Amino acid sequence: MKKKLQRSILVGIFVTLGLAIFIAAIYLVGKKENLFGSPVRVSAIFNDVKGLREGNKVRLSGIDIGTVSSLSFMNDNRVFIQMNLEEEQVLYVKKDSKVTIGSEGLMGSKVVMILPGTIDGIPVQEYDTLQTVEQVDIDDILEEVNKSSQNIAVVSSELISITRKINRGDGVFGKIFTDTTLTQNLDDATRNISYITENLYDLSEKVNAGEGIVGKLFADTTLTGDIGKASANMDEITNNLREITDKINQGQGIFGRMFTDTSLTNNLYVTSKNLQSTTGSLMLLADKMNNDSSALNLLIDDPTFADSLEILIQRLNRGIVEATEAADAVQRSGLIRAFSKKKKEEK
Amino acid sequence: MERKSPNKLNFEQLLMDIAGITTFLFRYIGSLFRNRFEGREFINQCYRTGYQSLLLVGITAIILGLVLTIQIRPILADLGAEAWLPNMVFISVLTEMGPVIFALLFAGKVGSGIGAELSSMRVTEQIDAMEVSATNPFNYLVVTRVSATTIMLPLLVFFGDLLAFFGSFIGLKAYSDISFKLFYSRAFSEVYFRDIFPATIKTIFFGFFIGLIASYMGYYSGKGTSGVGKAANAAVVASSLVIFLIDLIAVQLTDILT
Amino acid sequence: MENNRILDVHNLHKSFGEKKVIDGLDLALYSGENLVILGKSGTGKSVIMKCIVRLLKPDAGSINVFGTDVLNCGEKELNEVRTRIGYLFQEGALYDSMTIRENLEFPAKRDKKLRKLADKELNEIIEKNLESVGLIDAIDKLPSELSGGMKKRAGLARSLMLSPDMIIYDEPTTGLDPYTSDAINDLILRIRESYNTASLIITHDIKCAKRTSDRMVILSDGKIIAEGKFDELKTDPSEQVRLFFV
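Chains as they are written, first to last, in the numbering used here: chain W, 1 to 347; chain B, 348 to 605; chain X, 606 to 851.
Worth flagging that the hints you see were computed from the coordinates, not collected in a lab.
Predicted model only: the values in this text are computed from it and were never measured.
Among the clues, some could well be false.
[Said to hold, decoys possible] Think about it this way: if two alpha-carbon atoms lie no more than 30 Å apart in a straight line, the pair counts; the simulated DSSO-like pairs of lysine-lysine are: (1) W:Lys31 to B:Lys456; (2) W:Lys50 to W:Lys4; (3) X:Lys662 to X:Lys645; (4) X:Lys812 to X:Lys645; (5) B:Lys456 to W:Lys110; (6) W:Lys95 to W:Lys4; (7) W:Lys3 to X:Lys624; (8) W:Lys32 to B:Lys456; (9) W:Lys3 to B:Lys456; (10) W:Lys3 to X:Lys812; (11) W:Lys32 to W:Lys50; (12) B:Lys528 to W:Lys4; (13) X:Lys733 to X:Lys714; (14) X:Lys645 to X:Lys624.
[Claimed, not checked] Incomplete in silico selection of chain X near chain B, CB under 10 Å: (15) Arg610; (16) Asp674; (17) Gly691; (18) Tyr692; (19) Glu696; (20) Ile741; (21) Ile744; (22) Asp775.
Every residue, glycine too, gets a C-beta built ideally from N, C-alpha and C.
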């Protein structure tokens, strides 16, 4: 009898513990799936959800705050997604927050990323529809980067040949460029550019090989926009520079004679200086990207680094704009016009 | 009714067994609702099938978690996806490895026990004795055992899953300095109800059929002491096979339903 | 006696595969009577007994116990008949996971009438039955701790639990030493005295038959070849019968 009682107790304990494990698991999973709170439902409309699925996570500033509850087509072929957000966290999602779709982990599934809105904005409410940001396609960016780096290579090689000539102090040219700082600047810029070019090539190759990794890098669309713009500008400036240097190279003698406008020289000086500093920064960046193996992780995880990258690219942008302007000025200047006239006459 | 050649793979016998087990199943359901439930024997069987299997399942579970973790770790590390390890191991244990491996162990320990016990009761005429004293041996012996295995196996699997989870943690902790909290949140990061419920329902069926088949093999075993061994053997072989059949059906059903 | 037939077996046939075990058997048992069925091993004696309680279904024939047609009645009637029959199996058939007390409790606790008894009253019945088979000391032992003879006595005590009107003994003395066999034979007689039951005893042991029988039948090839009192049959001239008394 006593033995039987003992058995009943043991069985009772066994069953209780087993059920406790089960209930705990249900609770833990349920908490994750937001089944026990009352979730706040918000929605967003995308042109392309890039393989997002029901149950995928919704993140705000990297913290999981909800799940995607449904996906459906609207009659204009766009995709309407509904998200369940945790009640406690929904305060931090403002009405002007934007959503975009990113991916998670190396082989990870897609996540909906909510970009924080203004700090003192009104929090979203049930059934709100958030604005979306469609990402720039990574392939377009890569194409731009590739073009730019090719141009830079050409420019830099031509710059080298110019500076060589300058250094040798060929004829009149040498006399005009008596200011050694300018030459020095130009020289530095040239080296930097060629260095960047190499790195950019490396980088773009890596990007081509591992699209997923860099996907993270360009998760922030503002940043990618900047990069896109920067590379477009780079393209333009390098094209211009190439034109100038072509011309300079072709007519050394004539050029030398006409090169008397000091304001132009000044412009060129400033431009080269700017170019030097920007390329220096770029070099640093490219260096980090290529040589520091953890740089990519840093890019993904460290917001400070991402921020500084953004600032850097903005600065680069500005530098490039300046350089473009300077180059334009060079082209516009009477000097070159005269030179072109002369050329025509020769023809 | 008596199974003639329980061990020979015989097509005729196979069909007879399928028919027999089906009859047994309906008899179980009928008896469950019609007759007085043998509560004390049920508790006793719960004790023997559940509680007494806990150690075996527990040790296996810890080793399972440990081994899976240690074996998968280098592969995931090569891919740079070591962070997915807890998740991968836990999901595979939760949905497939746990239920099937623990059910097979259960079939080996409890199924053979039931087969041998009922068979020896048949051989020594104990079942006949119950029958002629107007007590319902099916109700007393089979219903209690099948009910016990049906309820105990899912519980054992819960214990096993939990211990495999700890085993996996220990395995990972040996190689990297991961905190329990991080391990836990990674392990649970991709676990959903659609993983837990089908697996649990599956184990209920595993438990039910292990009990049913083992009881059937024992209840209708051949005469003589060799019948006992054969019944135990047939109980394990048939229920192991059925575990995989149920698993196959379950995976297809889950696939359709989710 | 004549008008008190409690068992009537008529034209019973049973075969296992090709082998005919019972071939047109007729048998009757009267209340308070000890009937011995004598036959060599493997002549289907146990099969008759099992047909009587419907553990086996015969191929043909009819069996009537206490006025109930056991082969064609419903489960409820069958169980009523079964509670009135005590069955002592060859090895006692004790439930080996239970103590002797639990063995005796087992049928009682599942019986319509006895279930209602208080624990104390039930204990009294158990103790009385164990005392009458002389096993009161072994009440809390497990069957595995008992010898063969003790197991049979315990099995007998268990079959007495439901106060049967008829007890079937399946080879009561087989596998026992002569001393224990005698004790069992005495017990069979004593039980009949004190419980006033009819007994059907299957045996191939001539000593047992002599000691316990009021009347006996001799079974050969599934048929009854002789019937009568022990002393009458002993002097039967037929060759077949004489073989049993060698």
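Pairwise hint evaluation, Lys50 of chain W against Lys32 of chain W, where the allowed Cα distance is 30 Å at most: Answer holds: Lys32 of chain W to Lys50 of chain W is near 24 Å, not above 30 Å.
Holds or violated: Lys733 of chain X to Lys714 of chain X, with C-alpha atoms at most 30 Å apart: Given pair Lys733 of chain X, Lys714 of chain X holds - Cα atoms ~17 Å apart, limit 30 Å.
Distance restraint between Lys662 of chain X and Lys645 of chain X, which requires alpha-carbon spacing of 30 Å or less: holds, 22 Å
Hint check: 10 Å Cβ-Cβ cutoff, Asp674 of chain X to chain B: Violated, because the Cβ-Cβ distance from Asp674 of chain X to chain B comes to roughly 17 Å (cut-off 10 Å).
Hinted pair Lys32 of chain W and Lys456 of chain B, Cα distance within 30 Å: violated, 37 Å
Status of the Gly691 of chain X interface restraint (C-beta, 10 Å, chain B): holds, 8 Å
Holds or violated: Lys50 of chain W to Lys4 of chain W, with C-alpha atoms at most 30 Å apart: violated, 62 Å
Minimum beta-carbon distance criterion (10 Å), Asp775 of chain X to chain B: holds, 9 Å
30 Å Cα cutoff - pair Lys645 of chain X, Lys624 of chain X: Holds: Lys645 of chain X and Lys624 of chain X sit about 16 Å apart, inside 30 Å.
Satisfaction of hint between Lys624 of chain X and Lys3 of chain W, Cα-Cα up to 30 Å: violated, 49 Å
Pair hint Lys3 of chain W and Lys812 of chain X, alpha-carbon separation not exceeding 30 Å: Status violated; Cα separation ~45 Å.
Interface hint status, Ile744 of chain X versus chain B (Cβ within 10 Å): Hint violated; Ile744 of chain X Cβ to chain B Cβ min 19 Å, cut 10 Å.
When the structure is compared with the earlier hints, violations turn up for hints 1, 2, 5, 6, 7, 8, 10, 12, 15, 16, 20, 21 and for no others.
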